[in-house]
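Engineer: One letter stands for each residue in the lines below.
2 protein chains.
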Amino acid sequence: MKLASLRGGGRDGRLVIVSRDLARCLAVPGIAPTMQAALDDWDVVAPRLAERAAALEASPALPESMAFAAAACAAPLPRAFHWVDGSAYVNHVELVRKARGAEMPASFWTDPLVYQGGSDDLLGAHDDVPFGDEAWGIDLEAEIAVITDAVPMATGVDAAASHIKLLTLVNDWSLRNLIPGELAKGFGFYQSKPSTSFAPVAVTPDELGDAWRDCKVHLPLLSCINGAEFGRPDAGTDMTFNFAQLIAHVTKTRRLGAGAIVGSGTVSNYDRSRGASCLAEKRTLELIEAGKALTPFLKFGDRVTIEMRSADGRNIFGTLDNRVVRAGG
Amino acid sequence: MKLASLRGGGRDGRLVIVSRDLARCLAVPGIAPTMQAALDDWDVVAPRLAERAAALEASPALPESMAFAAAACAAPLPRAFHWVDGSAYVNHVELVRKARGAEMPASFWTDPLVYQGGSDDLLGAHDDVPFGDEAWGIDLEAEIAVITDAVPMATGVDAAASHIKLLTLVNDWSLRNLIPGELAKGFGFYQSKPSTSFAPVAVTPDELGDAWRDCKVHLPLLSCINGAEFGRPDAGTDMTFNFAQLIAHVTKTRRLGAGAIVGSGTVSNYDRSRGASCLAEKRTLELIEAGKALTPFLKFGDRVTIEMRSADGRNIFGTLDNRVVRAGG
Numbered sequence: 007m008k009l010a011s012l013r014g015g016g017r018d019g020r021l022v023i024v025s026r027d028l029a030r031c032l033a034v035p036g037i038a039p040t041m042q043a044a045l046d047d048w049d050v051v052a053p054r055l056a057e058r059a060a061a062l063e064a065s066p067a068l069p070e071s072m073a074f075a076a077a078a079c080a081a082p083l084p085r086a087f088h089w090v091d092g093s094a095y096v097n098h099v100e101l102v103r104k105a106r107g108a109e110m111p112a113s114f115w116t117d118p119l120v121y122q123g124g125s126d127d128l129l130g131a132h133d134d135v136p137f138g139d140e141a142w143g144i145d146l147e148a149e150i151a152v153i154t155d156a157v158p159m160a161t162g163v164d165a166a167a168s169h170i171k172l173l174t175l176v177n178d179w180s181l182r183n184l185i186p187g188e189l190a191k192g193f194g195f196y197q198s199k200p201s202t203s204f205a206p207v208a209v210t211p212d213e214l215g216d217a218w219r220d221c222k223v224h225l226p227l228l229s230c231i232n233g234a235e236f237g238r239p240d241a242g243t244d245m246t247f248n249f250a251q252l253i254a255h256v257t258k259t260r261r262l263g264a265g266a267i268v269g270s271g272t273v274s275n276y277d278r279s280r281g282a283s284c285l286a287e288k289r290t291l292e293l294i295e296a297g298k299a300l301t302p303f304l305k306f307g308d309r310v311t312i313e314m315r316s317a318d319g320r321n322i323f324g325t326l327d328n329r330v331v332r333a334g335g
Numbered sequence: 007m008k009l010a011s012l013r014g015g016g017r018d019g020r021l022v023i024v025s026r027d028l029a030r031c032l033a034v035p036g037i038a039p040t041m042q043a044a045l046d047d048w049d050v051v052a053p054r055l056a057e058r059a060a061a062l063e064a065s066p067a068l069p070e071s072m073a074f075a076a077a078a079c080a081a082p083l084p085r086a087f088h089w090v091d092g093s094a095y096v097n098h099v100e101l102v103r104k105a106r107g108a109e110m111p112a113s114f115w116t117d118p119l120v121y122q123g124g125s126d127d128l129l130g131a132h133d134d135v136p137f138g139d140e141a142w143g144i145d146l147e148a149e150i151a152v153i154t155d156a157v158p159m160a161t162g163v164d165a166a167a168s169h170i171k172l173l174t175l176v177n178d179w180s181l182r183n184l185i186p187g188e189l190a191k192g193f194g195f196y197q198s199k200p201s202t203s204f205a206p207v208a209v210t211p212d213e214l215g216d217a218w219r220d221c222k223v224h225l226p227l228l229s230c231i232n233g234a235e236f237g238r239p240d241a242g243t244d245m246t247f248n249f250a251q252l253i254a255h256v257t258k259t260r261r262l263g264a265g266a267i268v269g270s271g272t273v274s275n276y277d278r279s280r281g282a283s284c285l286a287e288k289r290t291l292e293l294i295e296a297g298k299a300l301t302p303f304l305k306f307g308d309r310v311t312i313e314m315r316s317a318d319g320r321n322i323f324g325t326l327d328n329r330v331v332r333a334g335g
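Residue numbers (the working numbering), protein chains in the order written: chain A, 7 to 335; chain B, 7 to 335.
Quick caveat, the hints were computed from the structure, so don't treat them as lab data.
The structure presented is a predicted model; accordingly, all values stated were derived computationally and were not measured.
Errors might be hidden in some of the hints.
Copies of the same chain look alike in the list, so a pair counts if it fits in one copy or across any two.
[Stated by the list, open to error] 20 Å max Cα-Cα, derived DMTMM-like pairs, lysine to aspartate or glutamate:
1. Lys288 / Glu140
2. Lys258 / Glu188
3. Lys104 / Asp212
4. Lys191 / Glu109
Model the full assembly from the supplied sequences, consistent with the hints where possible.
Structural biologist: The structure is reproduced here in structure tokens:
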């Protein structure tokens, strides 16, 4: 089942079921008006949504259905109550730290690293993304995220998997030149991690078929900058901590409310021929190989697209297609 | 005007207006069913709430009114979309860092320090607070917080003040023995800052009268542990960054959604006779003065109360009265 939130009808958008080919959609106000409402009561709501999804699939011209347009979408959760982003591709963390001249402790291979993100202003797949200054070092971070129902405190890895209700894609915009100063203060990211962009569609794990196993997504994540391919690392390869391990980590001292979003961190492969999911990684490799970072950060007007296709070429989550713009411009 | 969210009626609670003496309350489903709904449309909703608040004040026995009980309250926002906590009492930051053997950069006096907190599970004023292990170093942090409407990106200090719609009190529980390891990883707090407790009532700034000036609250914040006074620092004294400065800082690279909560950080005075608002500060002073931290962290069964009284002795926000308990116990 694929779900999206159309803009309008209030700050939380309007929940629709989306057909597998992303061509049609169906509002379901009688079942759940918003994605958050669906997640709040998932066990009851999901079977009812699945029934309507099957009807839409069986008859794309269902009278109440509409054409689906990614450009009409808000983020699946336009505002969420919890957004925590892991750094599950530890190979990426190691590289980026290297670029900052920071050593990575060995414990990073066994103890997940996460940061708490701001979740009140999540951006839609076609929204312009405003930044105050190009000098901040604007970077993409292409990632996968899961959305959970309510998760009890101290949930173990085995129990965590069943709390994953939806998956989606994320561009976790980062301001590289604000990061060193902010992290030096010791309290983590805040200004350096502005609002995050989301794919138009969130899908239930079964939509991924065999590509969803071991709580990882075994498919390439494609990022393009201004239409040119930037990276297509496989999200199932080199993921040190799977989503169940991330959830177990984040519930050590707290429970999660329904609709919590847990990110993978920048997808990254050891195989450098796959490219990268963020400029920081590419620049680090350049620094290591050529003694100098050559690829610039993003500029106003640049377009970043991110998508994931199934083995048979279908676009699973729709495409993030965001333009970097000057704030207030 | 004083507002609270009673438990029940869904995960966001049920908005009530509370009388100034905290004795009576009034549900207002026809105006706004929840605190978040009120904040989403504050300019329209607030005058209507104020009208009902005046009616309740004029006639405490208003037929639709009920007795108010802090124990029936969820947090004012039982789940919020954004919770960012400052460290505005820099004197406290300096001390606590000293205890960790960490130097504080001079820039901390001019550049606010904040961390992004988890906001999906905010605890009510009388809720038990579960922790997995006493060895984690369970500590209180008594603070003041403001709740904003939607705030644009790059809001300046002057414009920020008008976005402060409500104030409340916070106990930002901290797990001191998890902090050094977590901060060493570089991404800030996560496991070491579990769910936060809130006062039963949030109030509009005018409720504070003259005590609200310069975007600071000029009143003592009283914390007690197991009934014994622990601290009563004045929240208007030694606050290096006021709430407008904190809001200006957090909107440098993002806008805030309606209902964002911005905390002051642990209230702390140079005048040590006022006591402290967290055990870490008291332990640090002991370490400095006696060579050894003497006061233990909290234990299961300990009770922490936090409140603030006006110059004429009225309890402004109601009392946080939380018991520390063993998770799953």
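Engineer: What hint numbers does the structure not satisfy?
Structural biologist: Violated hint (a single one): 3; every other hint is consistent with the structure.
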